[in-house]
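The chain contents come next:
2 protein chains.
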Amino acid sequence: MITLEHKTPGHPLYWQIYEQIKRDIHGGVLAAEEKLPSKRKLAASLGVSVTTVDAAYAQLVSEGFLSARPQRGFFVCPLEELKKSQPRPAETEKAPGEKKAEVDFSSGAVDPEHFPYNTWRRLLKNTFNEYDEGLLRRTPPQGDWELRRAIAAYLYDARGVHCTADSIIIGAGAEHLLQVLSYILENSCTIAMENPVYNRAYQIFQRMGHGVLPVDIDGAGMPVEPLADKQNIAVYVTPSHQFPLGVSMPISRRIKLLRWAEAGKNRYIIEDDYDSEFRYLTRPLPSLQSIDDGGKVIYLGTFTKSIAPSLRIGFLVLPPALLSAYKEEYAGFGSLVSRLEQRVLCEFIRGGHFERHLNKMRTVYRGKRALLERALREAFGPSLGMQGENAGHHLLVSPGNGMSESELCAAAMKQGVRVYPISPYFIREIPAEHRGQVLLGYGGLSGEEIEKGVALLKKAWGMQR
Amino acid sequence: MITLEHKTPGHPLYWQIYEQIKRDIHGGVLAAEEKLPSKRKLAASLGVSVTTVDAAYAQLVSEGFLSARPQRGFFVCPLEELKKSQPRPAETEKAPGEKKAEVDFSSGAVDPEHFPYNTWRRLLKNTFNEYDEGLLRRTPPQGDWELRRAIAAYLYDARGVHCTADSIIIGAGAEHLLQVLSYILENSCTIAMENPVYNRAYQIFQRMGHGVLPVDIDGAGMPVEPLADKQNIAVYVTPSHQFPLGVSMPISRRIKLLRWAEAGKNRYIIEDDYDSEFRYLTRPLPSLQSIDDGGKVIYLGTFTKSIAPSLRIGFLVLPPALLSAYKEEYAGFGSLVSRLEQRVLCEFIRGGHFERHLNKMRTVYRGKRALLERALREAFGPSLGMQGENAGHHLLVSPGNGMSESELCAAAMKQGVRVYPISPYFIREIPAEHRGQVLLGYGGLSGEEIEKGVALLKKAWGMQR
Chain A
1 MITLEHKTPG HPLYWQIYEQ IKRDIHGGVL AAEEKLPSKR KLAASLGVSV
51 TTVDAAYAQL VSEGFLSARP QRGFFVCPLE ELKKSQPRPA ETEKAPGEKK
101 AEVDFSSGAV DPEHFPYNTW RRLLKNTFNE YDEGLLRRTP PQGDWELRRA
151 IAAYLYDARG VHCTADSIII GAGAEHLLQV LSYILENSCT IAMENPVYNR
201 AYQIFQRMGH GVLPVDIDGA GMPVEPLADK QNIAVYVTPS HQFPLGVSMP
251 ISRRIKLLRW AEAGKNRYII EDDYDSEFRY LTRPLPSLQS IDDGGKVIYL
301 GTFTKSIAPS LRIGFLVLPP ALLSAYKEEY AGFGSLVSRL EQRVLCEFIR
351 GGHFERHLNK MRTVYRGKRA LLERALREAF GPSLGMQGEN AGHHLLVSPG
401 NGMSESELCA AAMKQGVRVY PISPYFIREI PAEHRGQVLL GYGGLSGEEI
451 EKGVALLKKA WGMQR
Chain B
1 MITLEHKTPG HPLYWQIYEQ IKRDIHGGVL AAEEKLPSKR KLAASLGVSV
51 TTVDAAYAQL VSEGFLSARP QRGFFVCPLE ELKKSQPRPA ETEKAPGEKK
101 AEVDFSSGAV DPEHFPYNTW RRLLKNTFNE YDEGLLRRTP PQGDWELRRA
151 IAAYLYDARG VHCTADSIII GAGAEHLLQV LSYILENSCT IAMENPVYNR
201 AYQIFQRMGH GVLPVDIDGA GMPVEPLADK QNIAVYVTPS HQFPLGVSMP
251 ISRRIKLLRW AEAGKNRYII EDDYDSEFRY LTRPLPSLQS IDDGGKVIYL
301 GTFTKSIAPS LRIGFLVLPP ALLSAYKEEY AGFGSLVSRL EQRVLCEFIR
351 GGHFERHLNK MRTVYRGKRA LLERALREAF GPSLGMQGEN AGHHLLVSPG
401 NGMSESELCA AAMKQGVRVY PISPYFIREI PAEHRGQVLL GYGGLSGEEI
451 EKGVALLKKA WGMQR
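Chains as they are written, first to last, in UniProt numbering: chain A, 1 to 465; chain B, 1 to 465.
Keep in mind that the hints are not guaranteed to be accurate.
[Stated by the list, open to error] Each computed EDC-like pair below joins lysine to aspartate or glutamate, with the alpha-carbon atoms no more than 16 Å apart: (1) Lys41/B <-> Asp54/B; (2) Lys22/B <-> Asp54/B; (3) Lys452/B <-> Glu373/B; (4) Lys94/B <-> Glu146/A; (5) Lys360/B <-> Glu113/B; (6) Lys327/B <-> Glu186/B; (7) Lys94/B <-> Asp166/A; (8) Lys458/A <-> Glu373/A; (9) Lys22/B <-> Glu33/B; (10) Lys256/A <-> Glu80/B; (11) Lys256/B <-> Asp293/B; (12) Lys368/A <-> Glu448/A; (13) Lys414/A <-> Asp104/A; (14) Lys94/A <-> Asp166/B; (15) Lys94/A <-> Glu146/B; (16) Lys256/A <-> Asp293/A; (17) Lys256/B <-> Glu80/A; (18) Lys230/B <-> Glu186/B.
Hints are computed from structural coordinates only; laboratory data are not their basis.
Next comes chain A alone, as it looks inside the complex (with noise of 0.2 Å):
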């Protein structure tokens, strides 16, 4: 007989019938192939309306605790034990984090206080208008065409990139479109690496089986003559500012690099152009894209450094080749890229705000790194080693105290400052000129920290002489 054991207030009565059959065929009160007591007759002896029963008999033949036999009525089905269910799991109250440092020369950060967050709401705000359809459809796989067009027309003036917004891809960031691209790629394609490199590309392409040829720069970025008798190879640089030693190739070595892509077969040229916005003592460099006719550059930007890292938006420019393949390997795929946060980019680029967030915030980097340079300068004095253009976030320091990567790095965290080694950097073993260097990022600091940082820098590093 089913009698409702524990009412449980709060649930409709529906669910606590349901809930009790559902105990009881897993408790074994009901067996397998056992009738239930007709609706009418359980809904008079549990004093409850014929409907209610209806529901509860509905859920348990919708989930399989029961089946309905016509004419005959229902019966509980034949079951497996079922181990039984668990309480919620206890959740922590804090987010698990990092040990957070006081001063953290990070180089992934950005200047949080001339963020344009007025100008930012106000797009956000008039994008999301009551009833635009379009915000909620999916975005087809190239990503939103009037953001296309705006990245095409804003390329073709700041970076002397040529391309139409249909060759265009929008992703979610760098490291997402450096998977799409290993795709339309062949897969027997070797990618030859700047050493040292971006770490997460050079795990992004390893581990999408690629073959990587890491190839030692000199002070021009990557020689050519490494690359010279291979074909089916696709060449992944940043000329305006190596990451991270912060070299620029210069335009004798970008003709060969482009001369050398022409002439052989299946190579290309990968020109990640992290952050060729900020060079401080002269202006931007033009893109290889720029001056490649040959469709062999495959151009890739972020707004990661020039707008903020949580704005997962990026974009591929491809050559037409690799657009055919894209094409045909993305068909019927969804962008990555939420549609409002691509209207809102567009609405940036477009009104020109993109444009003078830029130009201020050269400025803004330019005197936090005179700063930091001064600082450093004035803390380690003759001794000071330091590397890196005029140009990007980061500068490479050696304090010149005979410390290693490691112990630099240790001593100042004892200090409450977070500097970074630059060996996870290298494919191979890193050079001797390299050791005892680690990489300084300011973007995020204000000028108090900046100069805090250093000081307690002194304190971990001057000691120890």
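With the hints as your guide, set chain B onto chain A.
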């Protein structure tokens, strides 16, 4: 001698000098290794200040056109021939698009009328507070912790899923998360898939290099027998509402599948719970994950159907063994999902808006489904075949007029109505009972559009009995 040939108004003087020297180098007027006039001399001859020439020379040096030799002056760097730069390619004026249907029975659209635009806009505005640095920072790979907490609580209440924020991975929709999953499963892991199946999932696993084992489903979903002797295998299933056939997996089959997974080596079940929220006659069925106590179920959910396809946010709930593999593989990477939208979604769930929205939408979709069913029955009478349980956003329909799938689609399109073939979802040849069936989604259509669409389908299909 350097002269300014083309004065371009609107450009600073130093830039015009820079451009002229570049032209002279490209044009051979200035030869490789040729010495340039001193800054002072050139300034005098052009009638500009030395600072202006200095800026032009600095830019040319930074790009590698000139080299500065201390005490000796500026020299032209040797360059291989560079081809002429081209004008900006012409842009098409309108977004390229598919032929738009008058009525589109797409299964991928959501109702645009009942979207909580005002709430979402308010949450956007409130979330994007001035000076909230957290919104600019890179999100850790698993996603925003507060959102993960909100999802864990929702999942337990609504789907019986057992998890904490720590075992949730936020990703940019189902396709992205299946890719992530593919990385953390062993490469040698076979993926067993329901046949027919959500074809993008199939494409992704194939592309990622997994062997795929198609298993024909029966009326209870995926049978366990074909898997009996398999090890090192993950089974991709949609137990709440099979896509595209719409069957749901009864409790007995669920238990069998779990027991099978527990009995072998490296066996996992991927539960894609893609539209479990929408069941119209009974309550949503509890998830497979809720009765798994062997750590065998990988739970996949998205907000594609429950909020909007344009919101690219989904999540995985990983069992402990795979969670460690994930953490190892993804350390150092960032989330692909915009932080802002993660925060807004978090507030949407926490504030109870999500639950209210689901309740409202169940009623809305139930009404649309009933309307479509009634209109189809009236139009096609007793020869009409209809399949798909009382759930989801689509029906499988065959008018019973002997037309093939492609004839049905083409005839509908001629009348301006888009209906969808189901053969693309079959990995093997489509079985006889599903020929002559097409897929009609109704989520994005209004009542009037549904009625108009069916009237046009009657014209398209009715004549040819």
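Hints versus structure:
1. Under the criterion of a C-alpha separation no larger than 16 Å, the hint pairing Lys41/B with Asp54/B is consistent with the structure, at around 12 Å.
2. Distance check on the hinted pair: Lys22/B and Asp54/B sit about 15 Å apart at the alpha-carbon level, within 16 Å; holds.
3. At roughly 14 Å between alpha-carbon atoms, Lys452/B and Glu373/B fall within 16 Å of each other, so this suggested pair holds.
4. Distance check on the hinted pair: Lys94/B and Glu146/A sit about 9 Å apart at the alpha-carbon level, within 16 Å; holds.
5. For the proposed pair Lys360/B and Glu113/B, the alpha carbon gap of about 12 Å is at most 16 Å, so the pair holds.
6. With a C-alpha separation of about 15 Å, the suggested pairing of Lys327/B with Glu186/B holds against the 16 Å cut-off.
7. The hinted pair formed by Lys94/B and Asp166/A meets the criterion: a straight-line CA distance of about 11 Å does not exceed 16 Å.
8. The suggested pairing of Lys458/A with Glu373/A holds, with an alpha-carbon distance near 14 Å, which does not exceed 16 Å.
9. Note on Lys22/B and Glu33/B: the hinted pairing holds, with a Cα-Cα distance of about 14 Å set against a maximum of 16 Å.
10. Of the supplied pair hints, the one linking Lys256/A and Glu80/B holds, its CA atoms being roughly 7 Å apart against a limit of 16 Å.
11. For the given pair, Lys256/B sits about 13 Å from Asp293/B by alpha-carbon distance, which is consistent with the 16 Å threshold.
12. This hinted pair checks out: Lys368/A and Glu448/A have alpha carbons roughly 10 Å apart, not beyond 16 Å.
13. With a C-alpha separation of about 13 Å, the suggested pairing of Lys414/A with Asp104/A holds against the 16 Å cut-off.
14. Annotation: proposed proximity of Lys94/A to Asp166/B holds, straight-line Cα distance about 11 Å (limit 16 Å).
15. For a cut-off of 16 Å, the pair hint linking Lys94/A to Glu146/B stands: about 9 Å separates their Cα positions.
16. A hinted pair counts as satisfied when its Cα atoms are at most 16 Å apart, and Lys256/A with Asp293/A qualifies at roughly 13 Å.
17. Annotation: proposed proximity of Lys256/B to Glu80/A holds, straight-line Cα distance about 7 Å (limit 16 Å).
18. Taking the CA atoms of Lys230/B and Glu186/B, the gap is near 15 Å; set against the 16 Å cutoff, the hint holds.
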